[in-house]
Amino acid sequence: MESDAKVIPIHPSPYNLSRQAAEAQTVLDHIVDDFSDNPESMRYFYDLFRRVYCQGEELKHEGLLVGTTCIHAPEELIYAFGATPVRLCNGSYHYDQRGADFMPAKSCSLVKATLGMLNSETVIPKIGKPDMIVNPTTCDQKKKASAMMENMGYSVYDLELPSVKESEASRVYWQRSVRQFAERLRELTGRKLTRKNLKEAMAKTGRAQAAFRTLHNFRRQSPSLILGKDAFLVTNAYFFDDIGRWTAAVEKLNEELAQREKAGFKAVQSKAPRVLFTGSPPIFPNLKLPLLIEESGGVVVADETCSANRMLYDMTAVDEWLVNDMVDSLADKYLKPCTCPIFTRNDDRRRRLLDLVSSFNVDGVVYQAFAGCQVYEMEYRSVAEEFNKAGIPLLYVETDYSPDDKGQLSTRIEAFLESLKNRRKQRA
Amino acid sequence: MSKLNLCVVAMLATLSMNGHCEDYRSGERRVGQGGRPGEAQAAEWRAKRGYPEGKADAADAAATPPVSAAEHRHGGAPAAASGAPAISGKHEEGAHSGGRPGGMRSGGAVWLSDSPPMRGDGSRSGSARGGGMGGMDMGGGRGGPPMKRLWPRVGNDPQKSGFAREDAEAATEIMLVSPGKSEGEPLKMPAENHAGLAFEMPAQGYYRVYLTNRKLQGDKLSISVAKAEVANFGHGGDEEEQARAMLAPRFLESAPIEIVRERQPGEKQFFQLKSGDEQAYLVLQKGLPLQGARVRFVSHQGWSKEAVSDEQGRVVFQVIRDYYPQWSEFQKRFKAACLVIAEAEAAESGSYKDQSYSSVRYQATLSGSYQPSPDDYMSYAWGLGIGLLIVLFCGVAVYLYRRRRVKPFQELRFNESK
Amino acid sequence: MKASNTRLQAVRDAVNRVDLKNFRFWFQIVAFVLFVYGGYFAIDLGSRLPFFSCGYNDEGRAGICYLLPLQHQLSQPWPRLFSLASIAILTGFLTFTLWFIVLNKGWCGYICPLGTIQDWITALRRRIGIRYSTYSESQFEQLTKVKYLLLALMILIPLGVGGGLFSHDVSPPFCLICPARMVLPAFTGDVSQFTIDFSSKTAMVMTALGIAVTALFLVGSFVRKRFFCFFCPMSALHYLLSKPALLKLKKDGNKCTRCGDCYRVCDMGIKEIADDVTTVNIMTDDCTMCLKCVSSCPENGTLKATFAGIPIFESTEEGFIKRMGKGLQHGK
Amino acid sequence: MIYFAGIDVGSTAIKVAVVDENGKVAGVHVTSSGSLFHKNSIDALNTLLNKLGLQRDDVRYLIATGYGRKLFKEADDSISEITANAIGAFETGKAYGGVRTIINIGGQDSKAIQIDSTGNVVNFAMNDKCAAGTGRFLDVAARNLELNLEDLGDCHFQASSAPLNINSTCTVFAESEIIGLLAKGHGKAEIIAGIHYSIAARTVRLAKRVGIEDRVYFDGGPALNKGLVAAIQDELGRELVVPEYPQTTTAFGAAIMARNEFMAEQSLEKA
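Residue numbers (the working numbering), protein chains in the order written: chain A, 1 to 428; chain B, 1001 to 1418; chain C, 2001 to 2332; chain D, 3001 to 3271.
It should be emphasised that the hints constitute simulated quantities derived from the structure, not laboratory data.
Careful: at least some of the hints might be erroneous.
Chain B stretches covered by chain C per the calculated footprint, using a threshold of three residues with CB under 8 Å from any CB of chain C [unchecked claim]:
{"#": "1", "segment": "1326-1335"}
{"#": "2", "segment": "1394-1402"}
As a list, the in silico EDC-like pairs of lysine to aspartate or glutamate whose alpha-carbon atoms are at most 16 Å apart [unchecked claim]:
{"#": "3", "chain 1": "C", "residue 1": "2255", "chain 2": "A", "residue 2": "355"}
{"#": "4", "chain 1": "D", "residue 1": "3208", "chain 2": "A", "residue 2": "385"}
{"#": "5", "chain 1": "B", "residue 1": "1220", "chain 2": "B", "residue 2": "1169"}
{"#": "6", "chain 1": "A", "residue 1": "129", "chain 2": "A", "residue 2": "58"}
{"#": "7", "chain 1": "C", "residue 1": "2326", "chain 2": "A", "residue 2": "385"}
{"#": "8", "chain 1": "C", "residue 1": "2271", "chain 2": "A", "residue 2": "168"}
{"#": "9", "chain 1": "C", "residue 1": "2271", "chain 2": "C", "residue 2": "2141"}
Yeah, the Cβ is synthetic: ideal placement off N, Cα and C, and Gly gets one too.
Using the sequences and the hints given, assemble the complete structure.
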C-alpha cells in the first residue's frame, strides 16, 4: 500500500517556460505584433527584452553592482566609483504576487513586485546579487522595504531623502546625504572619487540624457512619429541595460525618427487623441495602461513618471568643475526638479504637467495610481482641480499589476478617448 | 567765503571730477591763526631733522630774528619804505599788518597775495588752486562768473608782508590777462587796501595779473613786475576749452620781466604743489629767457634759497618742508604761501619820463602755494601692514571655519531660560 | 521676408549656443582694459558711470564712477545744496540714470572692473582647487540688506558733512572704504591708496577702515564668488532704478521646472531665480546680470535676456548641452 | 425612410433601439443577455426589426456599445457605453430641460457622467472592480428576500420604520448581512429600504466625484425601481430625471450616434 506513495522530486522547468516568461512574452508580442510600423531601430529593445525577460539571459556588468530602488539614487556617483547601477523597480505581476506573500495586500504593486523579485530564486532581469542596494527614503512603503531587504540578506544603504524640497535646510541635508553616499561607495569599492572619474560618469549620463531629450522632443510632433509604448520600452531598458549601448541605440532610434519626420511619416492617425501619461510608473511588463490607450486609438505623447521622463529629463548644471561642486550639483539635480508626490508640497508637478500639456499639444491626461500608492492617490485631487481650472480632461485610473480589470479599463479609456475626439471635433 | 564760491562753481559746472578732489572740500577748513608754530620751534625741528635750510638772503636773514606767533600777530613795526618798489610797504594799520617786527632793511618786493595780511597768510587751507592762487568771490551775485580778489603786498616773507601802498612817485600799471589772450587789459588799483584787486573770471584757464611799477632812482630805472596766476577751472564745462587753456602760453610778451611756473609733467587743472616737489621756474624778459637772474624762492616760513637762472632762464627749487604742527593740529590741506623773486640788473640806458637812466634794475615776483607732502602723513608701511594682517587673519579664520564645518555633527543646545 | 526671418533665427540660434563663459571672459577683459587703462588713450566717458571705474585711478580711468561725484555734490554746504546747486545734482543723477538704463545691471556682470577682478580671483581659487563658500539662507537675508544700509549712509554722511556735522575727512565716505579705490589704481602702478593717513584721527580711522575692507575684499572674493557685489551700494541704487532699464532678465515661470540649475551656477546665490515662477522680470537686487543662469538653463526660452523687449540671449536645451558638454570634456 | 440602430450589449440585458433619419425613436427592445451574447444580440435586433416591419437593409448604420460591443461583429462601428449613454441621456433629457449629470446603474457597474451643454462627456467615474451598488446587488438581495426584482420598488415604500443600515459594501458579504437581519426579525421593507439607501449612497458618492450639475438623469435597469429612485433623490437632495424606458438610453444614444455619423459621412461624400 505504502509503496504506492512516492515523493515526486521537483523538476525545475526552464525559465523560458515559466509563467513569468509567458507574462513578458504576451506583453512583448502585443507591443511588437499588434502594432504596425514599429521603428526599425526599436528591434534592439524588443530583442533586449526578449533576451532578458523571456529567455532569462544573464546581464553582464562592470565592477560592483549597485541596485537602486528609486531614481533618487545618483547613478553618476555609482559610475564614478567604477560600479554599475541597476534599477530594481519591477513591473511583473508574477513578482507582485510573490511579494504579496509577505507584504500587505494593500501595498503598492511596484514595491510588492520589487521585493517579490528580490525574494525569489530567479531574479529577472538576471543581474546576480547586488553588492549593495541603495534605498532612498522616499515613500513609506519603500522606507519599510529597507529592513525587509536586509532580512533577505542584501546589504542595504538608506539614502536619506528629505520630505520637503523647497527649504534650504533640506537642500543642505540632501547634499550631505549624497556626500555620505559617495563616502559609502568609496568604502564599498575602495576607489577614490576624482574629478576625472566623476566627469566621465557625468558625461555618460549626460549623453544618455541628451539622447533621451532628443527622443522626447520628437514626440512633440503631431501626428506622432513614435508610439508611447515604444518610448516606455526604451526608458524601461535604461533600468538595466548598459548605458553606452542604450545611448547608442537611442541615438540610432533618433536618427530614424528624424528620417521619419523628413518623410512625413505618421505613426498614428492625425485625429488620434494625444495623451499625457502621469502618475505611478509603467514598468515592463506592466505596460497595461499605455497599451490600452494606444490600442484604443490614442497615443501617449509624453509622460510624467519616474520610469521615463522624471528619470532622464532633468540635467545637471555645474559651475565649477571641482569634485565638491559637482557632487553638490548632482544632489541638486536629484532633489530640486523632482516631481515625486512624496514631497510635502508639489506644485512643480502640476506646473510641469500643464507645461507638458501645452508644449506637447496634449488632448487629455491619464493619471495612473497604483492601488496602495497613497501619495499618488492623494495628489490626484489637487492635480484634478488644477486641470479642471485649465479645462484639460483628466482620467484617473486606480489599478495595479493584475490584468483582471482590463475589460472595465478599456471601456473607460475608450470613453475617455471618445470624449477627447469629440472635444476636438467641436473645437474645429 | 571765496572757497565756498569755488565749490559752487564746481557744482554748477557738473562734470568730470578730477584728481584727488581737494577742490570740492577746499575752503571750509579754517585754521586758527595761532596754528602756526613758532619759528624757534621750527628752527629746532629743522636742526633736529637736518633739513636742508634754505639759503636765505644774507641781509634778509640777518634781519629776521625768530618771533613768536603772538609777536607776529601783533607785531606792527612799520617796514621801511626805502626800497626800490614804487609801492612801499607802509604799516599804518599795525595791528593788522603781517609785517615783521624787526626792521626791514630792504623794504622787500611787491607781490600779489590772495589774502590780505590781516588774515594771516597761508592759514587758510586750500585757498589756491593749481600753481596759482585760488579763492574766488562770487561775481555779482549768484550765477555770475566767479570773482577773484588779490591784494598787493610788500615784503620778502610771505607771512610778514603788509599791504603795499601806492607810491605817488612810481608809475603803476595793472594788467589782467585772460586765458588765451596775448595782451592784457588794465585793471584798476583799489581805493582801499582791504578791497584788493577784484576781477571776474568768466573763462576757464589761467588768469594772470601783472602789477608793474616803474620808478627812476637816480640814473637807475627800477622795474618790478608782481605777478599772480589764478587757475580757474570748473568741474565740467567745455572740456576742449579746458584743454586749450591748459596748453595756452602763460607769459606776456610785453612784460619787461616775469616769472613763469613751469608745469610739472602730467600736471592737470587742479594741480597742487607739495613740499618736497621740485619746481622749475622760468624767468622771461619780453617772453624771452633771461639768463643770470638771481632767483629766490621764499617759503611760507620765510626760509629762502637762491639760484641763478640758466641760459633757458630756468631755475629749479625743491619746495622745502616747513610745516611742523602738533599731530592733533596737523592739517594735510594746509596751504602755505610761497614767493619767488627774481632780480636782475641790466646796463641799459634810456629815458624814462624825460629822465635818462643808465641801468635798469628788474624785479619780478610770483606768488604761489604748496601743501604738505603726503609722505608726511601717509604711511605705506602701516597700510600694507594692516592690510596683510587682516588678509592673514581672515584667511586663517575662513580656513579654520571650514575645518570646523567638516566635522560631522554640531550639537544643538538650548538656553536654560526660566 | 521669410528668408531674412530664417537668417535671423539662425543668428539667434548661434547666439544661444554661444559659450557664455568664454564670451564673458573676453568681454570683461576688454571692458577692464578700457576703463582701467582707457585714460592713457585719452578716453573719457564722463563722471557719471554706473559702475566702479574708480576716480582715484587718476591716470588710467576712462571715466568716473558716479558715486564719487554724487558724494561730493551731497557734501557741499547746505545753503548751496538747497539752492540752485541741486539742479546740478539732478542733472548728474539723470546722466547717471541714462547710462544705467542702457545695460541695467549688465554693467555689474560685464563691465565693472571691480566685478571683473573678483571673477579673476574666483578663477584663481578654482584653479587652485579650493571650493567656494555660500551663505546660508538666513545669512543671505540678513546680509542682503547691508547694501541698502551702505547706500543710506553714503547719502546721509555727505549731507552731514555739508551741514558741518562731520569732519571732511569722512568724505566721500563710501569711496574711502571702497576696495576699488585701492585695487584699481594699483593696476596702473599707483599704490598711493595703500596708505594710512595719519593727518587726523578721522582720516586715520577711515583709511584704516578702507584698508581693512580691501583686505576683506581680497579674502572674501577668494572664498566666495562675487563677494563684494553683495554689499555694493551701487547695486542697491541700480535696483531702485531698474524698472525702465532696457536690458532685462526675464523668466517664463510656466516652462520652469525649478531644477535649480540656474541657482546652482549663480555667483550671488539668488534662490528666486530658480524658485520664483510668477515674476517675469526676475532680476533681483543682488543680481549682476552675468546671465550665467540663462546659459545654464536647459529649458527652451525659460530664461532670457531682452534688450528693449527684443530677446538677445535665450536659454536653450541645445546650448545647455553644448556648454555642459564642454565643461565635462575640459581637462579630461 | 432610412433607419439607424444602436445595440447595447450589456452584461444582463441586450437593448436595441432604432431611430429614423430625424432621430426620432422608431422602437426599442430589451431582452436578457443570457450566455450567448452574439446570437442573442442578433435575435434581439431581428425581433425589433420584425416588430417595426423593417428589413435589415433599412437600417443604414448600426453602432454597438456596451460590455459586449466587440463581440457584435455585424456593427458598423462601436463606441463605449459611456459616450453612448451620454448622447442618449442628452437627447432624451432635452425634453426635460436638458441634463448635465447622468447616473447610470447597470448590471455589473455603475457610472456617473458629467456632460457639458452640448452633450460632450466632461468627466466620468465608474465603480471599481466590485459589483457593490450595481444591479447585480439588487438581484442578489431580491433572491435572498424571496421577492421579485420588480417588487422591490413597491416594498420600499411599505417600510414602517427607518431604513436599516447595510454596512457591507461587498455583494457577497451583504448577502449574509441580509440573512442575519432577517434572522433578527427585521421587516423585509426596512431591509429593502436599507439596501436602496446603501446603493444610493455609493452612487451619489460616485456622482460627486465627477461633480453634480443640474439636472441629474438616472437610467439603467435599476432606474425602474421607484424605491431606489427615491433613495437616490434623498441622498442627492435633487430632482431626478428618469426616462420612460431607462434601460434603453444607451442603445438609443448609440442609434443617435449611428445617425449622426452616417449623416456626417454623407455630407462629406457630397462635398
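Going through the hints against the structure:
no., hint, in the structure
1, 1326-1335, "holds (count 4)"
2, 1394-1402, "holds (count 4)"
3, C:2255 x A:355, "holds (6 Å)"
4, D:3208 x A:385, "holds (14 Å)"
5, B:1220 x B:1169, "holds (14 Å)"
6, A:129 x A:58, "holds (12 Å)"
7, C:2326 x A:385, "violated (43 Å)"
8, C:2271 x A:168, "holds (9 Å)"
9, C:2271 x C:2141, "holds (11 Å)"
Going through the hint list in order, the structure does not satisfy hint 7, though it satisfies all others.
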